[in-house]
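**Q** Position chain B against the provided structure of chain A, taking the given hints into account.
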Amino acid sequence: MSELRFPVNEHDHVIGSGDAPVTLVEYGDYQCPHCQAAWPQVELVLRHFGRDLRYAYRHFPISTVHPLAKPAAEAAEFAGAHGLFWEMHSAIFANGQQLSGAILFALAAQLGLDANELRDALEQGTYAAKVDADFLGGIRSGVNGTPCFFVNGERHDGPYDAMSLSAAIEAASSEAPASIVRVPVA
Amino acid sequence: MGEILQPVTKAPDFTAPVTPDQKLSLSDFKGRRVILAFYPADWSPVCGDQMTLYNMVLPEFRKHGAELLGISVDGAWCHQAYAKANQLHFPLIADFHPKGEIAKSYGAYRDNEGVAERALFVLDETGHIVWSYRSPIAVNPGADGILDALERMPKLETADV
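Chains as they are written, first to last, in the working numbering: chain A, 2 to 187; chain B, 2 to 162.
All clues given are correct.
With a straight-line Cα cutoff of 25 Å, these simulated SDA-like cross-link-like pairs (lysine to any residue) come out:
#, chain 1, residue 1, chain 2, residue 2
1, B, Lys64, A, Ala130
2, B, Lys64, A, Pro68
3, B, Lys85, A, Val66
4, B, Lys64, A, Arg141
5, B, Lys156, A, Leu137
6, B, Lys64, A, Ser64
7, B, Lys156, A, Arg6
8, A, Lys131, B, Glu152
9, B, Lys64, A, Ala129
10, B, Lys85, A, His35
11, A, Lys131, B, Glu61
12, B, Lys64, A, Val66
13, A, Lys131, B, Leu59
14, B, Lys64, A, Gly126
15, A, Lys131, B, Gly146
16, B, Lys156, A, Phe7
Simulated from the structure, these hints should not be mistaken for lab results.
With the rest of the complex left out, here is chain A (with noise of 0.2 Å):
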């Protein structure tokens, strides 16, 4: 159970090469404090890994409970199809806290996109289909709650913290094949 079912692929929003030794993704959702909370923490484990690793983010909503995690979710891949999607994902999760609708446009505005556009999107629902792609793909590979991480596909159950996700991460790349492990220098 709870193995990473769809790897990442050209769909996905991703940072970092297909050569990195280790995968981290991220279902997570724009309205959950514990997703807004680890994305600092995700950003300290891209800096401390660099190039040795590769990050992708889906979407997973929990509507029920965070009616803007969707909206939230369907402006961020607005803001992708612009090229603007991680500056959309950093600006959401930082206003997480106060996050509304106006906070959206607002957010999306300093980023130089057309509030109109968004409307439009946002009411067309141009984007939901690939945010409900992304949440039945995570239902499907064990997704138990946000943020949920997999570490080279396998579910990390643990903390979300720097240090516990870098544990992870380290102990992923010394299982990953020999050819592609940085030999450490004695």
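**A** Just chain B now, with coordinates in the frame of chain A:
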């Protein structure tokens, strides 16, 4: 800790409250597929807990013709408040009196703590267990195992409904 009931055991029937003035029996679901999700307690202190998650996956369960029943030792009033707060759209069974009797009959009761295990059972149309799983008590098992089990069952069109 004993073993939870395994396939292809006949699922023990039960009748228990789902609301303060309403009871439900497993035998009411004869001819339908049923998911029984035992869990320790209402009001887990996390967002996106197991029942909230399953609530989101209900459309997928129903695509496979399966009804979901949550079961814990919480009373019907507690279930009512919990279901309302989380907008749950499936019944929560109160295994409250005699406490844990249903969980015990499935081998899914923790005597020391006095709560149900996190145990999942998928039942076929004849009320037999086709899949069961016990998760570590602190780990929400997610919904992947349930959906995999439902997918392995015969397609509904050909099933003996």
